[in-house]
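Asks: Taking the hints as your guide, dock the two standalone chains into a single complex.
The listed protein sequences correspond, in order, to chains A and B. Heads up: take any position in the first sequence, counting from 1, add 612, and you land on our numbering. Heads up: take any position in the second sequence, counting from 1, add 5, and you land on our numbering.
It is possible that some hints are incorrect.
To list a few chain A residues with every Cβ distance to chain B over 10 Å, as calculated [claimed, not checked]: (1) Leu752; (2) Ala793; (3) Phe866; (4) Glu870.
Coverage of chain B stretches by chain A, computed from C-beta distances (three or more under 8 Å per stretch; other residues unrestricted) [as the list claims (entries may be wrong)]: (5) 47–59; (6) 70–84; (7) 182–194.
Derived from the structure by calculation, the hints contain no laboratory data. For clarity, every value in this text was computed on a predicted model and none was experimentally measured. Each residue gets a CB set at the ideal place from its N, CA and C atoms; glycine is no exception.
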Amino acid sequence: MTATGTGTYTPRPGAAPLPRMIAAQALLETKMLLRNGEQLLLTVVIPTLLLVLFSTVDIVDTGSGEAVDFLAPGILALAVMSTAFTGQAIATGFERRYGVLKRLAASPLPRWGLMTAKTLSVLVTEILQVILLTVIAFSLGWSPHGNPFAVLLLLVLGTAAFSGLGLLMAGTLKAEATLAAANLVFLLLLVGGGVVVPLDKFPQGAQDVLGLLPIAALSDGLRDVLQHGAGMPWGDVGILAVWAVAALTAAGTFFRWE
Amino acid sequence: MRSDPVVQVQALVKRYGDKTAVDGLDLVAHRGVTAVLGPNGAGKTTTVETCEGYRKPDSGTVRVLGLDPVRQSSDLRPRVGVMLQSGGVYSGSRADEMLRHVARLHAHPLDVDALIERLGLGSCGRTSYRRLSGGQQQRLALAMAVVGRPELVFLDEPTAGLDPQARRATWDLVRDLRADGVSVILTTHYMDEAEQLADDVAIIDAGRVIAQGTPEELCRGGAENTLRFSGRPGLDVGSLLKALPADCSAAELTPGSYRVTGKVDPQLLATVTSWCAQHGVLPEKISVERHTLEDVFLELTGKELRS
Chain A
613 MTATGTGTYT
623 PRPGAAPLPR
633 MIAAQALLET
643 KMLLRNGEQL
653 LLTVVIPTLL
663 LVLFSTVDIV
673 DTGSGEAVDF
683 LAPGILALAV
693 MSTAFTGQAI
703 ATGFERRYGV
713 LKRLAASPLP
723 RWGLMTAKTL
733 SVLVTEILQV
743 ILLTVIAFSL
753 GWSPHGNPFA
763 VLLLLVLGTA
773 AFSGLGLLMA
783 GTLKAEATLA
793 AANLVFLLLL
803 VGGGVVVPLD
813 KFPQGAQDVL
823 GLLPIAALSD
833 GLRDVLQHGA
843 GMPWGDVGIL
853 AVWAVAALTA
863 AGTFFRWE
Chain B
6 MRSDPVVQVQ
16 ALVKRYGDKT
26 AVDGLDLVAH
36 RGVTAVLGPN
46 GAGKTTTVET
56 CEGYRKPDSG
66 TVRVLGLDPV
76 RQSSDLRPRV
86 GVMLQSGGVY
96 SGSRADEMLR
106 HVARLHAHPL
116 DVDALIERLG
126 LGSCGRTSYR
136 RLSGGQQQRL
146 ALAMAVVGRP
156 ELVFLDEPTA
166 GLDPQARRAT
176 WDLVRDLRAD
186 GVSVILTTHY
196 MDEAEQLADD
206 VAIIDAGRVI
216 AQGTPEELCR
226 GGAENTLRFS
236 GRPGLDVGSL
246 LKALPADCSA
256 AELTPGSYRV
266 TGKVDPQLLA
276 TVTSWCAQHG
286 VLPEKISVER
296 HTLEDVFLEL
306 TGKELRS
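Extracted from the complex, chain B is given alone in its bound form (with noise of 0.2 Å):
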């Protein structure tokens, strides 16, 4: 039995003008972290800022936390933290003045310092906010969202653009935050990154979620995945065929090439190889692709993530 959702939205809706933005969305998210991926326009930075208040639902309804983020917000936001996608710092404040004074505003914040140094941002100091990197930046906010030890934090972008050892860093904060009991939402294009780090994957497209769950479940849920082998040309891929399941297809895509979709678990491997072992075929470099979160966000909405 799961505790209560740390996010419930319900049949959210929100235009601007006569674009409408998130157009019934329905989420729940557990403790443990969250990913909401989705293409750019897909109405993930609309449903985050109206978890976090800044937006009115034209209808439907939100709950953080057992809270009306914009009714009950005095009470909501000592309890989340908020990393907004860019800005939010005073230009002419130091790299690390803005972070100590959003720590004063909490009663038991973090160790600032210990906090700078984890990001990596010990050398930048003094530095004035103008002048640090995006990658600097974006660890600033990240920081800021975390130091008042909220019991929820929502990563808008968190590692867009980040170079990767930065991204490391992010991730590893997120990890930790999840085994030390913080709940996370995080918004993200990037699929490698809601697989490592999510718990849970609700993907969004057109201002809906069209598809939630762990990313293996996701993977797994009727998505067909490839089993690869090499072997001499001109194999007779109909009696392969005629030895596999049903819903199996076999092609052999170039001379001495042969491509296998299907359900691919233990069971195909093996008919496959005995198939080979019958037919004296040693099969070289064979290999076994997991469908990825790509792959299935690709089928469902026929779009390429980063487009």
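The shape of chain A in the complex, shown without the other chains (with noise of 0.2 Å):
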């Protein structure tokens, strides 16, 4: 019984060269997400709603200036949070429950390499939207100032945290019970998290904490920076840096494949 001719089925095992699976990964998991409707939901059409309805309809005091100014940086903070928070979350959690992570986790690549490919895939989707939302926001009339490069670390911060919460959440609870906690935070935050109502809106005891919050800390820096022209808002930039190394770490310990 020694492997002698060559057969169809004769082994000749080998995994693919890293930066080729890497890259397989990257794009299967992009293609999941953008053909699922309620992550296109989550990710395309509520931020390009929000962003076209407060703008044109006066139902937010959103301060002096133009509308779309105080607008655009929080709803690209909450684009950042739709896809690496609860996107992430929502199709990570499904993928744990129908044995995805499983049997990728006996396929040639390694656990790592899945995550960087997440991590690639959730990249693409931020430009997607960043490009989507930047070009309906100029429509709108913006007019954003500011150094790209504060804009860029605030973005992969953000994105940062915001992954390894999803992650977090999605490594261990139940994939319904992260459904539901992924979509009910993205409702608070959205709502508590200067991404549409200005936090001084809310009373100071509240503004204190809420403005520790991550997605309280990508819309004031983005709004900081591309609104005020700020040169670097290191306040914000602090807050997401700690978030980033909590969540990613603890994500790291508590996460369970299966």
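Replies: Have a look at this one:
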């Protein structure tokens, strides 16, 4: 029973090169995300609607200046949260539930490779979101200022913090619980995180607490730069960095693959 | 002299809370097809998943292709194919999409289209995974296990719930894998599957291997076979018994229907027929019943397999 000839199934094992594996995985993850209606609602439809609606209809007093200048940075923060946190938590929760993570764990793709691919997929989606929302914001008369590197740093740190929180949730709760909780958190942070409603509308005590949320730090930081032309909003950068380290560490510690 | 074992499990213990799933299990699988047979809850899946590197043994050692499945996982994973009992595919992916993806993770994968045809999944095409029938999902999982051209595949209940045609397609593929030099470890609770496919069968019950050998060895060892014949009612069974070897028994079950149990071999058959000739009996409907794995299992465990 030695493997002599070359039958169809004659063993010829081997892993594909690592970059090819990660690229294939990132592509598949992105495809799954873009094909999912609920995900698109969360990542594209809701941010777009909010941006257009709140910019054109005077629902919330956004302070002096054009409403879109206040809203666009908040909506960009919301877009990051919708993809890195809500979308990733729900998708990963169900992948865990349906044994996808388990099956991939037996494939040649290492676990860190899978996580890298997930991050790439999140980044690709965010780039598409940012392009779309920027175009819409410009058409609504947006005039952004500030240092693009500060914006990039805030977006990356926000993505890291939200990814950590999303994976922590997906890796510890049941899929249905993740689905419910991720949507609830999305809604609460949308209202109370300075996305469309300025934080100074809240009582002072609440402001102090809400200001420490990652969504508030991200929208506030982006607003400081894009609306007010600040250099580097170190306070918000610091808050996001702490969230990122804490959430990713917790996710790395508590994530269960099945 | 057989080559190195593909799987070597020694004194494996695995507990979940206070429940012991695997309780000092020893198993050696050589090249070829090894069936791990046992009722639900016997510890089959836990054993296989420990070999696949999913679970860390509480004690004991596990070696697969000579490697530690947990610590040498990255060396082992490309060489092993895994078919989970269920799931493993993105619910939003199309039937062939995940298979093509798994193929891309390997250096020298099989031709995906040919494999899809081979397993009768050609008609599924772009159907989404969640709309496939249970049997189609299972064949897809099987395809995912073999597409990377592994040396060894683990199939966990590969034909549970399949219709006969799909079952045959799976069996044919396992035979082809074996013929091409791929080793297969499969868990099953179907006796016929083990008898049909396996070079070697390990019977597991309550977290231990209680018997291991070729299907023939298992059916022969210690087990008694049965010879039945019909004749006129009221034959002298005592006289027949005297003609038989000492460890046999004979009985008239219903009038005219006789049963001889013992080591049924050609000699025994000759003894019975010559006894019949001496007594002027023409035995009708003479039959020899081979002892099946099912009988062996029942004797070893006192349990029906499918309970």
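Asks: So, for every hint listed, does it hold in this structure?
Replies: The hints, checked one at a time:
1. Leu752: Holds, because the least Cβ-Cβ distance between Leu752(A) and chain B comes to about 33 Å, which exceeds 10 Å.
2. Ala793: At about 20 Å from chain B, Ala793(A) clears the 10 Å cut-off, so the statement holds.
3. Phe866: At about 17 Å from chain B, Phe866(A) clears the 10 Å cut-off, so the statement holds.
4. Glu870: violated, 8 Å
5. 47–59: holds (count 3)
6. 70–84: holds (count 4)
7. 182–194: Held - the region 182–194 of chain B has 6 residues with a Cβ nearer than 8 Å to chain A, which meets the minimum of three.
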